[in-house]
Amino acid sequence: MPARVSLIWQEAPGLSGLDPAQVALAAGVELDDGGLVEAAVVTVAQERAPRGLQERLAGLPVSWLDLAAEIGGGGDAHRLARAATAVARAAGRAAKGTLPPVYAPQPAQSVLVAGAGLGALAAAWEAAALGHPVTLATPFGDAATPGADDDPQAVGLMAAQLPAQVELATECELIGLAGSAGGFSARLMGPQGESSQGFGAVFLAPPGELAPGCEIHGLNPELCVLASKLDPEDWQGPEDAWLHAAVLAGSAQAAPSYSFAAALEAALALAKRPRVQVSLFYTEARVAVPGAERLFRDCRAAGVLPMRVEPGGLEVRGGHTLAWFDPLLGEEITLEPAVAVMAEQSGAPRPAWLDNELTVKPWDLLVPENPRLAGGKTSRSGLYILGSLRGTAPGAPRRAEAAAATADMHARLTGRVVPMPAVRDQLCARCLSCVRACPHGVPQFVGFGIACSPAGCVACGICAAECPAEAIAPPGWGQPEMLAALEAALAVAPEPKMVLFACGQSGMPAASALSASGHQWPAGLVIFPLVCAGRTSQVLVTRALELGAKGVLTAGCHPGNCRSISGNLVAAAKLEMVQGMLAELGLDPEAVSFLPLASNQTRELAQAVEALAVKAEEA
Amino acid sequence: MNPAEIDTPVLIIGGGVAGLSAAVELSRRGLASTVVEREAAPGGRAGEFCCKAVAACARCGACRLGDLLAEAAARPEITLHTAALVTSAEQKDGLWTVELSPQPAGDDAPGPGAPLGERCSLTTGAVILAVGGQVFDPAGKSRFAHGRVEGVHSALELEAMLAMGAIGPGAMAPAKVAFIQCVGSRDAAGGRPWCSRVCCGYALRMARVIRHRLPETEVTFFHMDVQDYGRAWEEELPSLKEDIRFVRAMPGEVTAGEQGPRVVFAGPEGAPVSEGFDLVILSVGIGPPNGAGSLHELFGAAPDQDGFLAEEGPDGLFVAGAAAGPRSLNESITHAGLAASRAAARVGALLEAARG
Amino acid sequence: MRLNDCDPGFKHQVAAEPGGEGIRVCFGCAACSARCPVGANRPEYDPRRIIRAALLGRREEVLASPLIWLCSSCYTCGEVCPQGVRFTDVLTAIKNIAARAGHAPPSARITAELLAKQGRLLEVTEFENDKRAELGLPPVEQRPHDFQSILGLEPPPEGGEGEGA
Amino acid sequence: MKALLFLGCTVPVRNLNYELSARKVCQALGVELVDDPALACCGYPLKGSDQGHALVIAARALAQAKAHDLPLVALCSACAGTLAEAEHHLAHDPAAAEAVNRELEPLGLKYEPGARVNHLMRFLLSEVGLEAIQAKMSKSLEGFSFAPHYGCHYLKPAEVIGGLDDPENPQSMGQLIAATGARAVSHPRLKDCCGGGVLGADEELAGSLAGAKLAELNELGVTAMVLVCPFCNVMYEGQQKAIAKRLDTKFKVPVVYLTQILGLGLGLSPDEVGLKLNRVKPKELIKAFKE
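Top line first, the protein sequences correspond to chains A, B, C and D.
If you number the first sequence the way numbering that gives the first Met the number 0 does, the last residue is 618 and the count never jumps.
If you number the second sequence the way numbering that gives the first Met the number 0 does, the last residue is 355 and the count never jumps.
If you number the third sequence the way numbering that gives the first Met the number 0 does, the last residue is 164 and the count never jumps.
If you number the fourth sequence the way numbering that gives the first Met the number 0 does, the last residue is 290 and the count never jumps.
I should point out that these hints are in silico values taken from the structure, not numbers from a laboratory.
Treat each hint with caution, since some may be false.
[Claimed, not checked] Within a straight-line C-alpha distance of at most 27 Å, the following computed DSSO-like cross-link-like pairs (lysine-lysine) qualify:
(1) D:Lys-289 / D:Lys-244
(2) D:Lys-138 / D:Lys-275
(3) D:Lys-282 / C:Lys-130
(4) C:Lys-130 / D:Lys-240
(5) D:Lys-275 / C:Lys-130
[Unchecked claim] Output of the computed footprint for chain A on chain B, the stretches with three or more beta carbons under 8 Å from beta carbons of chain A:
(6) 48-61
(7) 86-99
(8) 130-139
(9) 212-226
(10) 229-242
(11) 323-334
Since the model is a prediction, treat every value here as computed from it, not as a measurement.
Glycine is no exception: its CB is placed at the ideal position from the N, C-alpha and C atoms.
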């Protein structure tokens, strides 16, 4: 028995001129008179509702509807119709009631930092400062041992200042990890053997290593010195001649800027020695780190000769002669250096267990270059990867990364308790679709069923879209609720009806911005906000068409920009399947489509909706 | 110190990505903050940037401003004053007292936050300066003819043109576009001896957006060196080099031709060559924040050797984002995390000391 | 070319001359070449190339090159150089070294002699001063003697003067 | 207002029209030019082979100017530039100043920093001012068009003599031309070098540098090209015929000095500004201003 839904009108910018009673009437709901409420639609987002109202509605099925975001501009009648559709959609959802909320158990607060050096110490320091018990598992015998690419002094200072709640596990390595934010299980190998412990979050920051950053083959190893091992005092020219030194900062390809800057330091130190002539070899002068351009200039002012070579254009002859072409002089130059200083790149080997045990996913999916996962975050909720392993520049950026990652961790473990995805055990077929689908590692197969780790869920709903048994749902947004909302909205929407499934990271912010600027949407457009485009399921799209929608557009993030890594790709793939079905049925496959979008691409969204309306009009 | 004297634990000057991120990060740490924005709407420079995705996200981070604005609006710990100017700042007994005065703002200032109503003074435990960097005014390099020759635009103007759809099929369709790099960067003679870090990335990505919209358009990239830009950059470069003509030469000037601007540069033989383009884009660099001098005076923030604000100034003063040096949006967001952490530690220490 | 055979000291020598300080910081960005009016007419003349040869230490080649005397001293290169290298001045430094090494063109010696004799390049005789007086212009002194002392040159004997400039 | 006039090598012998018009214009604008017959060369001709002595020669002139306690104004851009650079150099390098003073001492001279050196045109603009100059104009040159040639040393190095004009987008000559009521013509080769600097080393090269601009202005058909430097005059007026011959073409581009047309605007006669002495004469201008 569906509940009776009340419309609770809260004024907000963008709603002026609308008559609440008319909206309620058109949407088929009752306007709230302050009396008893079974279920409700409120016209503002929850954060903006007054506290008294929030208290009044506590425990009831409520759709907090950012109504203004879906209305936009146009005449009074037009806006009324749009408001009615939006309210009807929200009411359909509210009438469905909700699953009893399943609250996350209190997540584990303790944090494991596995690694050493600046990144690891910064993370341990930050986590402790936020009140988390920290285990710092270092492969070394003490906390003060730096990674090869760290500043030893900075590391020593940080190690000396480590707060008391950091428990140091020396000569200890992480060898396996399962779980997600709030509920990790870590296998550690220490001097006393293997042990297993639970943690709320894990920071992985293995010590950095330095490797020659400049591929040049065939040079006599006796001539070569790594930049970090160079002692300039060892070199000076004889009384009456010059000693030639080559500093190699890129030959096959350009060195990264921090590596180039370190090579510049070495070149400058050498150039200051008596009668030492330094030639600096590079393909690109990478000076995009603070002070590097100055350093580059200082080097030249000190007499360092800049030798730009084409990638691969530096040749070694007889083990001791460098040969390259100088395009300006139009001739080949050769040099027999007394020493060749090699620029280095920092990095860290990837722990073997990461690839097999923790994830079935490749590294690039775990640590994608996704702007929404900057600052140490990974696709696995609660797992942070810092420093050399991530390939960030040593020094200051590592501290910033540790600080940003730790704040995220703290919010996850202590923030507002999120009702977690509920698995209706009696419906669950244990097919593990959700385990495979969840990009955040939240559902795990434990014992005989699925358990969701408490603090990892972002409610993207990709699991729910995948579950064939409708057994799993992000809080309150299972398939039945979605369908009820869709049906209610399409029942009210004027012809031609259309649906825009709008991702909360891209499509919906763009739509809100358009509405706020007075953009006039087609009257029959149902805007259906989703947390992530990945929540669109085949059922949802085909049901929209069955209910009379002439077109369906899903606006999700561009590939590589999805907060849930693959939600956009999943959505696009689903739509492609529906397109195939439509084609087989002899219907226009173009009636459904996926629009890759960024939240600031309002113009592109308006154009796509306009095109959708033109098609719907024709259909 | 009496904790009751504190109006807001942390005061953040600047409501761009760095300032908003600092506020969000503090909120994640459970600390309230007040953000003060000079303009009528928060967002700062990032609000003018276009999405640079073509087949996939270009990782420019321009879209993250929207996330931040939404999150800042949703978090009750964050108070946002727009159209507010800092008029004085004073530190006493470890606390900062900062006076704010309202600026004239438009009637319907968009976005979250409310214009500051009246002059007020706030006492706070920590101040984060997140005032951003200043984009180089191409008038400072008059040889590139910005404002003098039609068709010459700064990269910032191109951002807006691309965002508004002014370039593409059915709009302006230039046959030849040139990018001139290092305008106001790597310029020791001009008193700007630093690499602005972001220009190679944004220019090549906007070039790719133009090529994506208008596959017939030829794009030339005049540069000294290609800087690195993010982790996957090295893998991206080869395909960019196939798509775009890379010319390693700093152009000497832009002149007015009959058909449009002409770029004068050293040709492959060394002698000057003048080539016509429909559009010449000046990739302007990032400099120290506007009014760095007055902020320096107000807060005693020490400038570094290039005039950017040193990351840690006097007690309780922190700097986030491009005000401390050229940074991409993503880097500014991460960098703000560090300023937030330091500010939080500072406020924690103050409270602890107050408790005895 | 073998770099080991070049003279790394040459660039330091140029830098030690007044105006030559800038030479070492050049890394060949090509801004100067883009604007050099001489290069536009003589492709073999490229400021970058001259600096490059000097930086690499090809002393004799640079000093003996006729190209170094072709600079029109328009200063455009220095204005556009992002590194603030004033190529005109660098070349002046190089030319001064070349002159000391005996590579100066004959006109340099004649110029010095004329200045020593006349204090100016152009001779002012009574004829010129008469003409000036006709136009109401004041006379000009013909032989400021201190130039001989400054230049350490005796003026050539009367009658055996240079052919003028 | 007083200033010490630095004539240099060329003007008092070869460019009497320039000197004449400059003196008359200054008189009309209330600027008293003081002569010191002992002023001679600025040192520029020696720079390429012997810059040490070139600097001493420049310092000699600066010391003389200092003794008069007057600003030093030159008619020649190279003189003005060389002297300004020398002042800049010596004022910033005490060791160099000491070295030149060792050479100047036997001559009874001493260099001290502080000489104010300027080109006459920049001096008039900064000391008299464009508006005051314009206010004194009594005759209009409306209907005539002039192509300014700024020349290199009038604008550069900006670091030493800048401030008044942007070398990449110079305006001052155009403003002065416009002050007479005439039209200042901008053209693509506005900033080109005259080539005078290489005349001694390579006549052909110098000729092709100057020739390009002459050909362009010939095509444009201006009343005259306007100069502020006798060195540029050597190329554009003195060598004009020879250049045309070498380029196997014919052009006739009248050449005047800026002071000559300012003088006309100030009510002076063509004779008073020495137009008779111009080699490539601006015939229409002379005709229009004949009494």
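To see whether the hints hold, each was checked on the structure:
Only pairs whose Cα atoms come within 27 Å are accepted, and Lys-289 (chain D) paired with Lys-244 (chain D) is rejected, the gap being roughly 32 Å. Under the criterion of a C-alpha separation no larger than 27 Å, the hint pairing Lys-138 (chain D) with Lys-275 (chain D) is consistent with the structure, at around 19 Å. Restraint check for Lys-282 (chain D) and Lys-130 (chain C): satisfied, since their Cα atoms lie roughly 24 Å apart, inside the 27 Å limit. Of the pairs offered as hints, the one joining Lys-130 (chain C) and Lys-240 (chain D) holds, with about 25 Å between alpha carbons and a cut-off of 27 Å not exceeded.
Our distance criterion of 27 Å between C-alpha atoms is met by Lys-275 (chain D) and Lys-130 (chain C), whose separation comes to about 14 Å. Check result for the region 48-61 of chain B against chain A: holds, 11 residues qualifying (beta carbon to beta carbon below 8 Å, three or more required). Against chain A, the region 86-99 of chain B contributes 0 residues with a C-beta closer than 8 Å to a partner C-beta. That does not satisfy the three-residue criterion, and the hint is violated. Figure legend: the region 130-139 of chain B, annotated as covered by chain A; annotation inconsistent (0 residues with Cβ-Cβ distances under 8 Å, at least 3 required).
Counting residues of the region 212-226 of chain B whose CB falls under 8 Å from any CB of chain A gives 4; the rule of at least 3 is met. Only residues whose beta carbon comes within less than 8 Å of a beta carbon in chain A count, and the region 229-242 of chain B has 4; three or more means the coverage holds. Proximity of the region 323-334 of chain B to chain A, defined as three or more residues with a beta carbon under 8 Å from a beta carbon of that chain, is established by the 7 residues found.
Checked against the numbered hints given earlier, this structure breaks hints 1, 7 and 8; the rest are met.
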